[in-house]
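Visitor: Below, each chain spelled out in residue letters.
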Amino acid sequence: MGITSINPSTGKRIKTYDEMTPGEAEAAVSEAHNTWQVWWGTAFAERGGLMKKAADILRERRHELAHLMASEMGKPLEQRGAETEKCAWACDY
Amino acid sequence: MPWNFPLWSDLGPQARHDLRDALHEQVRASVERGASLLLGGEIPPGEGAYYPPTVLSDVKPGMPAYDEELFGPVAAIIAAKDDADAVRIANDTVFGLGGAVFTKDAARGESLARQLEAGATFVNRSVASDPRLPFGGIKESGYGRELGSYGIKEFVNIKTVYVK
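The listed protein sequences derive, respectively, from chains S and L.
Heads up, the first sequence is in my numbering, so the first residue is 1 and it goes up one at a time.
Heads up, the second sequence is in my numbering, so the first residue is 1 and it goes up one at a time.
Keep in mind that the hints were calculated from the coordinates and are not lab data.
Owing to the predicted nature of the structure, the values given are computational and were not obtained by experimental measurement.
Hints are not guaranteed to be accurate.
As the list claims (entries may be wrong) - Once the Cα atoms are required to be at most 16 Å apart in a straight line, the calculated EDC-like pairs of lysine to aspartate or glutamate come out as:
| no. | chain 1 | residue 1 | chain 2 | residue 2 |
| --- | --- | --- | --- | --- |
| 1 | S | Lys52 | S | Glu24 |
| 2 | S | Lys86 | L | Asp130 |
| 3 | S | Lys12 | L | Glu47 |
| 4 | L | Lys139 | L | Glu68 |
| 5 | S | Lys53 | S | Asp92 |
| 6 | S | Lys86 | L | Glu146 |
| 7 | S | Lys12 | L | Asp67 |
| 8 | S | Lys15 | S | Glu72 |
| 9 | L | Lys81 | L | Asp58 |
| 10 | S | Lys52 | S | Asp92 |
| 11 | L | Lys139 | L | Glu110 |
| 12 | L | Lys139 | L | Glu47 |
Generate coordinates for the entire structure from the input sequences, incorporating the hints supplied.
Guide: Put into structure tokens, the structure is as follows:
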């Protein structure tokens, strides 16, 4: 059946995504759980470094993300930059 | 360009067509029950999920604009007799995520803000989250907090280890 993303400013379809099968969904949950067992024992210093890197990546990709926010949600230009910055700010914190 | 509003717009479309239609229905039903439509309130022609800035006044209990959340550019004006009445009206809702008070007197604003039943209250600015401060709702607006030092506690097990 698929999950369709529609551009709310034009009403046009952007892309249709295939749904995961129940098996794929279960595998994703299992993997998340197993990965969490590893993170559980990881020190804050290492996690902090990765969060800062995530903030850097968000800021680097701001234009691509702004484009996505406009086409998938209809977000106006000024607010897109602010939204990306807010996410990066949360990662920094 | 994949979107059809100009770069300088500060009001884009609603996020989905069904959300826009539900918002319009809340406006329409409120007007039908006696609210005055001061601005907007009409779905514009065209393919997008647009809704114009809309203002309703004479809003009373029994109208969606009073009882429900309006998730879009629709303002509901409800007159109050005094500060106590304003607080009573503001708290007359099952929701409690955030509230804001706009006033020239910041001290009076803070006093009012403290009486609002919400997880976060702002004086002279709109509700916004800040990673340094806890954010979350009360009543039917949710449980727990995110952000700040309170927020991280939702993601960890506060564990006691007792060694004798």
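Visitor: Next, verify each hint and record whether it holds.
Guide: Status of the hints after comparison with the structure:
no.: 1; hint: S:Lys52 - S:Glu24; verdict: 31 Å, violated
no.: 2; hint: S:Lys86 - L:Asp130; verdict: 8 Å, holds
no.: 3; hint: S:Lys12 - L:Glu47; verdict: 8 Å, holds
no.: 4; hint: L:Lys139 - L:Glu68; verdict: 14 Å, holds
no.: 5; hint: S:Lys53 - S:Asp92; verdict: 9 Å, holds
no.: 6; hint: S:Lys86 - L:Glu146; verdict: 14 Å, holds
no.: 7; hint: S:Lys12 - L:Asp67; verdict: 34 Å, violated
no.: 8; hint: S:Lys15 - S:Glu72; verdict: 10 Å, holds
no.: 9; hint: L:Lys81 - L:Asp58; verdict: 14 Å, holds
no.: 10; hint: S:Lys52 - S:Asp92; verdict: 5 Å, holds
no.: 11; hint: L:Lys139 - L:Glu110; verdict: 21 Å, violated
no.: 12; hint: L:Lys139 - L:Glu47; verdict: 38 Å, violated
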